[in-house]
Amino acid sequence: MRDYEIIIIGAGVSGTAIARELSKYSVKCCVLEKEEDVCCGTSKANSAIIHAGYDASNGSMMARMNVEGNAMMEALAKDLDIPFKRNGSLVLCFREEDMPGLLRLYDNGVANGVPKLQILNKDEVKKIEPNVSDDVYAALYAPTAGIVCPFHLNIALAENACENGVEFKFNTKVEGIQKLEKGFIVKTNQGEFTTDYVINAAGVYADEIHNMVSEKKIHITPRRGEYLLLDKTAGNHVSNTIFTLPTKYGKGVLVTPTIHGNLLVGPTALDIVDKEGTCTSAAGLDEVMTKAGISVKNLPMGQVITSFAGLRAHEENHEFILGEVEDVTGFIDCAGIESPGLSGCPAIGKYIADLMKGKMGLEAKKDFISTRKGILNPAKLSIEERNKLIQEQPAYGNMICRCEMITEGEIIDAVNRPLGAKSLDGVKRRTRAGMGRCQGGFCSPRVMEIIAREQDMNITEVTKSGGESGLIVGVNKENLA
Amino acid sequence: MRTCDIVIIGGGPAGLAAAISAKENGIDDVLILERDKELGGILNQCIHNGFGLHTFKEELTGPEYASRFIAKTEELKIPYKLQTMVLDITADKIVTAMNKEEGLFQIQAKAVILAMGCRERSRGALNIPGYRPAGVYSAGTAQRLVNMEGFLPGREVVILGSGDIGLIMARRMTLEGAKVKVVAELMPYSGGLKRNIVQCLDDFGIPLKLSYTVVDIKGRERVEGITLAQVDGANKPIPGTEEFYSCDTLLLSVGLIPENELSRGMGVEISPITNGPVVNESLETNIEGVFACGNVLHVHDLVDYVSEEAKAAGKNAAAYVKHISKKEGTIIQVVPNDGVRYTVPSTICVVNMSEELIVRFRVGAVYRNAFISVYYDNERVIHRKRLVMAPGEMEEVKLKKEQLEQYPDIQKIMFQIEEK
Amino acid sequence: MEQKKLTCICCPLGCQIIVELENGEVISVSGNTCKRGEDYAGKEVIAPTRIVTSTVKVIGGSAPTVSVKTKADISKNKIFDCIRALKEVEVQAPIKIGDIILSNVVDTGVDIVATKGVEVI
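Residue numbers (the numbering used here), protein chains in the order written: chain A, 1 to 481; chain B, 482 to 901; chain C, 902 to 1022.
Calculated from the structure, these hints are not laboratory results. Here the structure is a predicted model, which means the values were calculated and not measured. Mixed in with the good hints, there may be bad ones.
Claimed, not checked - Chain C regions said to be covered by chain B (calculated; three or more residues, Cβ under 8 Å):
1. 903-912
2. 920-932
3. 955-968
4. 989-998
5. 1010-1021
What the hints assert, rightly or not - Pairs of lysine to any residue, SDA-like flavour, derived with a Cα cap of 20 Å:
6. B:881 <-> B:846
7. C:988 <-> A:480
8. A:232 <-> B:753
We put the beta carbon where it would ideally sit given N, CA and C, even for glycine.
Just need the whole structure built from these sequences, with the hints factored in.
If you want it as structure tokens, here you go:
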């Protein structure tokens, strides 16, 4: 008897989308994640947008997953109780000679099946987006493009999968995979697990996992993208996601509102070697600021509240690798998931689950729970409802994060729910506490207290993001001789 | 809806002094709303001494200074609500607040005094490149952990910013057993008091590097080291001047920002220089009956002046509630010029000013043996020599009503720094 | 003759003062701008003193620690001895502001007092 029928490696947005789709079937499935939480790699640091799908080459898996994923997102967001908005996107071009390029993009989008695409002239662009550069010549408008919270999407997929019986093992790093006659032994820092099938959704590490078993090697390059996030006071500067048409002079950066009302600009694109190289650089941040200014005017760069970098899992052929590896029966790749991976994840999940269903003859569960309830947002309640809540659970009357207005009740929920937050960053990604303009300066010590109390641990054991990221190193005077 | 004559947002030094003053000026129906679990605000974590020389003629610690005002508040039986967060204030002064006991509630105020204080600038606002590990704290967060919880946030520390909080924390961390390796300051001068440089750094042999900044943070999980580099005249790092310091902690003391989200929400006009409300001689904002004082108005360096300013705000709010009718008169613009970054207040209506009005301001650079000059239109009426002025030290000039009354037609009062 | 250099702390000028000493006595003070600087420098080179502030642990209180200070200046070279003396101190709540936490700390003749009140929980 194997430990599991399916082991999914990686609890990013791909791995958890697959896990959730598989949880619709009677199958013993486990997700292994090397970090302490879901959403710790590529999924946590990206543009947080749901592309319409005009960009990827017609006929590619990227194009198909993007367009299908975009179409699925609305219902998924509703089922999982996460915010999603079709805010629309504009690809700007600045010169008449760039028009053929813009039209090619339009044609590709139409061929990909992207609905409602339109070419807008300067006046039409300025009308819907007054803050774009006065130099704009025309734009490709895609009203179906959207924005989403990547943390919430990833966490919600995982929570729902978990509720439907998928097991999750964190701090569990895959160190080797042994192919058996039938099935595999997956060797980790937490012991060995046997399984019939392995699904490789390891993001920037997908090549290392793949190459453990296959002779047909793949190579994933971590492509770093740096971003700047602006205060909510700047959140209305644009309402659509603004791209620029790549030209021979280079590729621009996007400027977009986020689903939570901030403004996000970025990313840069730099191929690096280090798969943990999520550091920002002065040059990168400068580049973001300069390029953002080309497409959108009067950007209030004084309102920057934080900067970050993420790594795209770039595969050499710039294509999603989805399916069973040719020379390793039972080993399924979900690799090279870079942009539009977030947009495509619902379709990727379904595609891989369908594949497994066919292979394994999986049967649908009758008791699958398709909906998941997110952390209650008291700000959305009426005064009467909110007062009733506070009366029943006074913690909802205690404001902890002043900037994002997050109460103790929400943080307690984030810690105690299935696959709950174990660290400051875990709480931050689930509730937004610490994600506002003071960046946790005020609320961090208070959130640490709540985590310690709810997890029944000493506050000195609370970390920022697991591992060696401890926040308190000792008590006063203890190392004075 | 509940009503209240004066609702004071914040129970720190500004809110307390404003409440006491309002009460002493005849308003009984005053209410302080405080978000923390005790009155006193940030003073509670400022356990060092040096407070109150101006107000009490003795040197107190932060909690001691606060306790004097808290005691007075209790003695005057001024009501206050703790752990109460104000969520919203409307332009017609309906205050929506929330706490555990009462849930969400609304109060119609006749007057509102904004006394929310300020917050620290974060790493993000500086665009410091590098990783984002644990161990990067604002100095105030570290101060809270060390001084109120008894925890050390790090053992080997680099501090960016030589404002007073950074200097004070260098000493506090050292005394509690940490090694502070260096304090770096972007500017060619420190924003802190000389006394703090001597007693917090020199006493412990902690080097202060002026015109230096952090150019890299190393460490993925916890800070492992910081790279400093010297900056040029435009504050850009100079290649080749990098110095690496191994450490587990970076403290940031890089400026304070008045916390005016509520003010903006209700439509109060905010100065882009101070990030605080634009006020008139009564410390009243563009919304009638809404006053501001303390660090929410402009960041102060001495709490004594916060108390003094708040006292004026409390008195003026009391007068407003008592319908001591404001007189109509010419509104004179107070204009900061050469060397003066801003003034508080921004406008003066002579008929409504007190016998003596304190105008507070900051200079934009370090000046030695220069003059503070005040012009009534084109006539220089004040010309006062100062041995030294620095951006870190708030300056003040007292304007006399009696004197201004002799200039009935002036349009503007200009403040500037002159070499002679 | 011995020379000591120091920064005056009396005002933002921060004069670099040079004090000349002989047999532990101040002979001359230079570099200062005013009388306050001269007085400060004289005292600072002969017998520098500081108020020391810290925290001590609280048992059974509404806060885990209480802030304390030396009630008067103590000799600068006793700062760390003073802090070490507080290392093992634990006080039982309630504590009133001004309560003596430790008398005659490291034989300075100065008491450590609480600078904040802590209630019993």
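Verification of the supplied hints:
no. : hint            : verdict
1   : 903-912         : holds (count 6)
2   : 920-932         : violated (count 0)
3   : 955-968         : holds (count 7)
4   : 989-998         : violated (count 1)
5   : 1010-1021       : holds (count 3)
6   : B:881 <-> B:846 : violated (27 Å)
7   : C:988 <-> A:480 : holds (8 Å)
8   : A:232 <-> B:753 : holds (17 Å)
In summary, the numbered hints that this structure violates are 2, 4, 6.
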